[in-house]
Amino acid sequence: MAQRAADEAARQHGTSRSLLDRLLQAIGSEPRDMRDLLQLLRQAQRRQLFGRDALTMIEGVFQVADMQARDIMIPRSQMVVVERDTTLETMLAPIIESGHSRFPVIDDNRDEVVGVLLAKDILRYFPADQRERFDLRDILRDPVFVPESKRLNTLLQEFRSSRNHMAIVVDEYGGTAGLITIEDVLERIVGDIDDEHDSDEEPLIREHGSGRYTVDALTPIDDFNAYFACDYSDDAFDTIGGLVINHLGHVPVAGETATIGNYWFRVLDADSRRIRELQAVWLDEVAVDETETQAQSD
8 MAQRAADEAA RQHGTSRSLL DRLLQAIGSE PRDMRDLLQL LRQAQRRQLF GRDALTMIEG
68 VFQVADMQAR DIMIPRSQMV VVERDTTLET MLAPIIESGH SRFPVIDDNR DEVVGVLLAK
128 DILRYFPADQ RERFDLRDIL RDPVFVPESK RLNTLLQEFR SSRNHMAIVV DEYGGTAGLI
188 TIEDVLERIV GDIDDEHDSD EEPLIREHGS GRYTVDALTP IDDFNAYFAC DYSDDAFDTI
248 GGLVINHLGH VPVAGETATI GNYWFRVLDA DSRRIRELQA VWLDEVAVDE TETQAQSD
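Counting in the working numbering, the sequence shown runs without a single skipped number right up to 305 at its last residue.
There's no promise every hint is true.
DEER-style ranges, computed between Cβ atoms [said to hold, decoys possible]: (1) P154 with E263: 52 to 60 Å; (2) R131 with L45: 44 to 52 Å; (3) T221 with D142: 24 to 32 Å.
Once the Cα atoms are required to be at most 16 Å apart in a straight line, the calculated EDC-like pairs of lysine to aspartate or glutamate come out as [what the hints assert, rightly or not]: (4) K127 with E155; (5) K157 with E139; (6) K157 with D178; (7) K127 with D145; (8) K157 with E104; (9) K157 with D73.
To be clear, the hints were calculated from the coordinates, so they are not data collected in a lab. Where a beta carbon is used, it is the ideal one built from N, C-alpha and C, also for glycine.
Please take these sequences and the hints and turn them into a complete structure.
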């Protein structure tokens, strides 16, 4: 059945047969459920049938289908808001400091959202001769309200069709629970979307191809498991560095290695108290002796 579906897809969309053949060969049989499907896709990615970014997006699409607005909304306490009766001079500081482009406008409190302000709409009032004409009510956009239970895939479709990029999330009593933007939803699919206001941070896990990765030893085991589809226990320690130290029974020096489950680890950087950085290699893709030879030449 999977083969027939692939053949039909190739005929209708002109998909490369070689790629479909490789995917089907990696999958081997039809998945029984969504969990099986994700596991099989991860295996295919490890065999370099497609890139890590593609897998991240596929997983993100599945996640979005199961998540609701309450799962990723910005809580009301963290919302940057503008009061309806504020002056242009008063609102400029929080707008500039936050770096956001859209702001809920409230009346007496955060449960009374009366509109949405787009930062670009106040630019016309920057010239000194225009400031006296400023009235926030003239440039307010109508707010969009969604329930906490709104599914993210449905919300994304509504964002696209309405061209609204922000919605106010309300609880069962009609009060403001938080806000959600189209960027929040898209980040669940493609990962973090950095802009000029986001600080640059080195990723905890960096891929180098051929099943080899550099891993910050402070990477939480939960994050490592999610990235590599592993099931290492975090009962006794929280980080991947702690996992390696526990396995070896001591704090290792640079160059020491450990094989834990399906991964081979080499310590890249450490001091007398902790590991700083590790190399991780997936052993289903690279043989152990091959890995050690490569490590010695690195």
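Do the hints match the structure? See the list:
1. P154 with E263: 52 to 60 Å: 53 Å, holds
2. R131 with L45: 44 to 52 Å: At roughly 49 Å between Cβ atoms, L45 and R131 fall inside 44 to 52 Å, so the hint holds.
3. T221 with D142: 24 to 32 Å: With a Cβ separation near 55 Å, T221 and D142 fall outside 24 to 32 Å, so the hint is violated.
4. K127 with E155: 29 Å, violated
5. K157 with E139: 41 Å, violated
6. K157 with D178: 11 Å, holds
7. K127 with D145: This hinted pair holds, its Cα atoms lying about 14 Å apart.
8. K157 with E104: 30 Å, violated
9. K157 with D73: 10 Å, holds
In this structure, the hints that do not hold are numbers 3, 4, 5, 8, in rising order.
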